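Undergrad: Since the structure of chain P is already known, use the hints to place chains A and U on it.
One letter stands for each residue in the lines below.
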Amino acid sequence: MKTRRNIFAFAALAAALALAVPASGRAAEKKDPIELTNVSYDPTRELYAAYNKLFEPHYEKLTGRKITVTQSHGGSGKQALEVANGLEADVVTLALEGDVQIVADAGLIDPGFTAEFPLDSSPYTSTIVFLVRAGNPKNIHDWNDLIRDGVGVITPNPKTSGGAMWNYLAAWRYFELQGQNDAQILESIRKLYRNVVVLDSGARGSTTSFVENKQGDVLLAWENEAFLSLKEYPGEYEIVVPSVSILCQPTVAVVDKVARKHGTADAAKEYLSYLYSEESQVIEAKNFYRPSSKKVRERFTAATGSSTIKAVPADGRWINENVHLTDIKHFGGWAKARAVHFANGAKFDSIYERR
Amino acid sequence: MEPQTNSGPLKWTLITASAVFLSVFLLLPLAYIVATALRQGMDAYLAAITDKYTCKAAWLTIQATLWAVAVNTVFGIAAAWCLTKFAFRGKKIISTCIDLPVTVSPIIAGLIYLLTFGRQSFLYPYLDSWNIKIIFAVPGIVLATIFVTFPFISRELLPVLTAQGTDEEEAAALMGAGAFTIFRKVTLPHIKWALLYGVVLCTARAMGEFGAVSVLSGHLWGKTNTLPLYIELLYQGYDFTGAFAASSLLVVMAIIILALRLWLERRGSKELDIRK
Amino acid sequence: MKFRNGNKRKSIIPGFGLSFGVTITILSLVVLIPLCSLVVFASRLSPAEFLNIIMRPRVMASFWISLSTALAASLVNAVMGIILAWVLVRYEFPGKRFIDGIIELPFALPTAVAGISLTHLTTTNGWVGKVFYDLFGIRIAYSWLGITVALVFIGIPFVVRSIQPVLEKIDSQYEEAAMILGADSATTFRKVIFPEILPALISGFTLAFARCIGEYGSVVFIAGNTPYKTEIVPLLIMAELQEFDYAAATSIALAMLAIAFIILSANAILQSIASRRISGLN
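Chains as they are written, first to last, in the working numbering: chain P, 1 to 355; chain A, 1 to 276; chain U, 1 to 282.
Please note that a few of the clues may not be correct.
[Claimed, not checked] Result set (BS3-like, lysine-lysine): computed pairs, CA atoms no more than 27 Å apart in a straight line:
1) P:Lys138 / U:Lys130
2) U:Lys169 / A:Lys192
3) P:Lys347 / U:Lys130
4) U:Lys169 / A:Lys270
5) A:Lys133 / P:Lys269
6) A:Lys192 / P:Lys53
7) P:Lys257 / A:Lys133
8) A:Lys270 / P:Lys261
9) A:Lys52 / P:Lys286
10) A:Lys52 / P:Lys61
11) A:Lys11 / U:Lys191
12) U:Lys169 / A:Lys11
13) U:Lys96 / A:Lys270
14) P:Lys191 / U:Lys229
15) A:Lys192 / A:Lys270
16) P:Lys53 / A:Lys92
17) A:Lys52 / P:Lys66
18) A:Lys192 / U:Lys96
19) P:Lys138 / U:Lys229
20) P:Lys214 / U:Lys130
21) P:Lys310 / P:Lys329
22) P:Lys53 / P:Lys286
23) A:Lys92 / P:Lys66
24) U:Lys169 / A:Lys92
25) P:Lys214 / U:Lys229
26) A:Lys11 / U:Lys96
27) P:Lys231 / A:Lys52
28) P:Lys66 / A:Lys56
[Said to hold, decoys possible] Chain A is faced by these chain P residues, among others (derived, beta-carbon under 10 Å):
29) Glu46
30) Ala106
31) Asn195
32) Val196
33) Arg204
34) Thr208
By construction, these hints were calculated from the structure, which means they are not laboratory data.
Note that this is a predicted model, so its numbers are computed, not measured.
Even for Gly, the Cβ is constructed at its ideal location relative to N, Cα and C.
Chain P on its own, in the form it takes in the complex:
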């Protein structure tokens, strides 16, 4: 009897404690330090962890107010959807303009967000490269090597991953520049996706499949992800830069409606503008994003444009300018690219149709 009462008393106490905490947490929110929530996509977690450390003291020095930034990372499309669904983000920093548009379509971002910050609101860019195993045993150098028999490709699902859409479009552009017509390109892409061993739902999942679980021969990856793998696993991988790739422009925006409600609009704006400052651009470059500042970019540009990179250069100059980059405007913007390629029943679905 006694033990039972003790158990129940303990349970009741613990429960009361737990239930009291969210209430007290809510009361504390009203107090001085500003809380900013940045909802971003998968590979930027290290970038924003570093950037927040730079931004928080900067903001305090600038305004005298303390600020803490909460990060959230996941597949870009999923993150956009969650914000559109009520996840209260003050700013979004997503993999592509199309995903920010989803949030805008929900009425949360004022129109014209691509003009709010310089360079189409993308403070840093990236591109798609290949990551292969050391020594490049399958001799992979360009997109047409990916459609050979016996090459195992790892890429995430374009239906769920922003990075994967860029992968797909980069491949498309390559075959287009080879002079293939639409039907031929589709056939080449079909072959490419037939070689896909694991179709993960996000970029990070794919990297793990390739790097940790040793699946496939080549990973189609964000440049920053590929360099991170070189850094984390020295000597095990090589980056192969294809002749043609795509200019990925991750887009940032203030979620105006939420920021106004939280009273954080100014802080949110400063958070994104500061991404263009020189010290921030250096952090971006150090995390293997291509900085938009010319000056910083030159500091990180490799002298030789070799298409095979075996290690992170000791001098930190990693940017390879020796690649033909196409941007999304070539595909008519995101709305069109999505409708033509990724919507239900569109081109990507037809690849997987059984014939």
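TA: Chains A and U alone, transformed into the frame defined by chain P:
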């Protein structure tokens, strides 16, 4: 007790089969988690489990679990009492509805709350004007956890109460006892071990919920990341030591809970024997 | 019998209003209202649109994968569940308590953790996967087999814990009588024990089956997620959600829900048939 004493070979074949099966499916993954968590030595392990975000995630998981246990205990007792002590129409339907959450995919569990409380729901404007955050906040995580563990306690209580019948309660009622007195003095002693067992099961399942919580969490670091979600995050951040170290925390909790269960069962059966 | 009588007349036990009220309130808030919103959302589609979504080849393929892996895993668990329950109830051996204790591990271990470690173990260079790949050329992770392995893990406790209490209650006199009458142990099991545990087996099996169809956390890591090959239904729902296609997501979810309902009802019907047969025998 042992009618099959003469079939020695069969006995050992079956025992071996069971042991091999469980080793491969249960123990090997456990061993793998522990081995990977300690791959980089004890210091790295300790650093990983005392990490700020790991601790916050663990605390959130504990909170959600306690909520789920509290709500499901109240519900389980009420539902079991109501379904076994009284006769009314629609009993079967209620009973089926209670079971439904176990068979619903966790993803759907997340989806239904998203549809009910999300921005496209007709409830959203009201919730927003009162500044109530449900999804992508702690309450959503709690709701999802309650949902996936919903029948666990009532399912443990129902058979016990059905077997016990209603005689004792009726006698007590005839003597003029009120509902709470009857419950405390007559019913509770019968169901106490089943109740605790249900609580233990509920706790176990609540701690580990991933799918439903993943849909509703929003993955705000240090705010709405539960331990299982944070493990996924670490895993994808190349921090395998961290991921498996955090997993080992859950493994330890799981083992404590399982030990508790064994102890409860032993106490329970002993007490029953005495009563008999 | 007494219980039946109690059922027919109005109960004199107090507390019906309170317990019924609490039950219905929590049930509505947690389960019914949210489920209704799913139905409401799906009802914005016409039946033709609904069928159109459900009949898409990719959706049908994922249903097939989910159902077939869940069935295979539940069958494995049914067989192993009987053996485990039998071993735990009828035999004494060192380590029995330990085995009994870890049966619930799949409940207690987060599915994501289980998924990650199972994947690592069964990829072609994992502890187990390497053996299978080198010896037989079988790939476990990222295949149909991998999903089944994860689901076997998830389903272990269900069958064991359903059968165990029933097995404990079976009077060994019947078995002894059967043995004395000359039945061998296989016949005794088939004719005496199996019919007794059948209802429990069915309910354990259906619960495991239902749980496996919906499982997400452990499967996403091990599945490989290739459309038509290793894409399960919950993953497809997630994918549709991420494509902002609420109509498709809710339609598929509704179809899954219908399957869950069918499974539960089938269980209820089979239970009542089985218990009638047993009471008829008595």
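Undergrad: Measure nothing beyond the straight line between the CA atoms of Lys192 (chain A) and Lys96 (chain U); if it is 27 Å or shorter, mark the hint as holding.
TA: holds, 25 Å
Undergrad: Within a Cα-Cα threshold of 27 Å, do Lys96 (chain U) and Lys270 (chain A) meet the stated pairing?
TA: holds, 18 Å
Undergrad: Run the distance test for Lys169 (chain U) versus Lys11 (chain A): straight-line Cα separation, threshold 27 Å.
TA: It holds: about 20 Å lies between the C-alpha atoms, which stays within 27 Å.
Undergrad: Just to be careful, I want the Cα atoms of Lys133 (chain A) and Lys269 (chain P) compared with a cutoff of 27 Å; is the pair within it?
TA: Holds: Lys133 (chain A) and Lys269 (chain P) sit about 24 Å apart, inside 27 Å.
Undergrad: Straight-line Cα separation of Lys138 (chain P) and Lys130 (chain U) no greater than 27 Å?
TA: holds, 22 Å
Undergrad: Does Arg204 (chain P) pass the interface check with chain A, least Cβ-Cβ distance below 10 Å?
TA: holds, 4 Å
Undergrad: Does Lys52 (chain A) pair with Lys61 (chain P) here, judged by a C-alpha cut-off of 27 Å?
TA: holds, 25 Å
Undergrad: Take the shortest C-beta to C-beta distance between Ala106 (chain P) and chain A; is it under 10 Å?
TA: At about 7 Å, which falls below the 10 Å cut-off, the nearest Cβ of chain A leaves the hint on Ala106 (chain P) intact, so it holds.
Undergrad: Can you confirm whether the C-alpha distance between Lys192 (chain A) and Lys53 (chain P) stays at or below 27 Å?
TA: violated, 52 Å
Undergrad: If you draw a straight line from the CA of Lys169 (chain U) to the CA of Lys92 (chain A), is it 27 Å or shorter?
TA: holds, 26 Å
Undergrad: Does Lys138 (chain P) pair with Lys229 (chain U) here, judged by a C-alpha cut-off of 27 Å?
TA: holds, 25 Å
Undergrad: Take the C-alpha atoms of Lys192 (chain A) and Lys270 (chain A), compute the straight-line distance between them, and say whether it is at most 27 Å.
TA: This hinted pair holds, its Cα atoms lying about 13 Å apart.
Consistency note: the structure conflicts with the earlier hints numbered 3, 6, 8, 16, 21, 23, 31 and 32.
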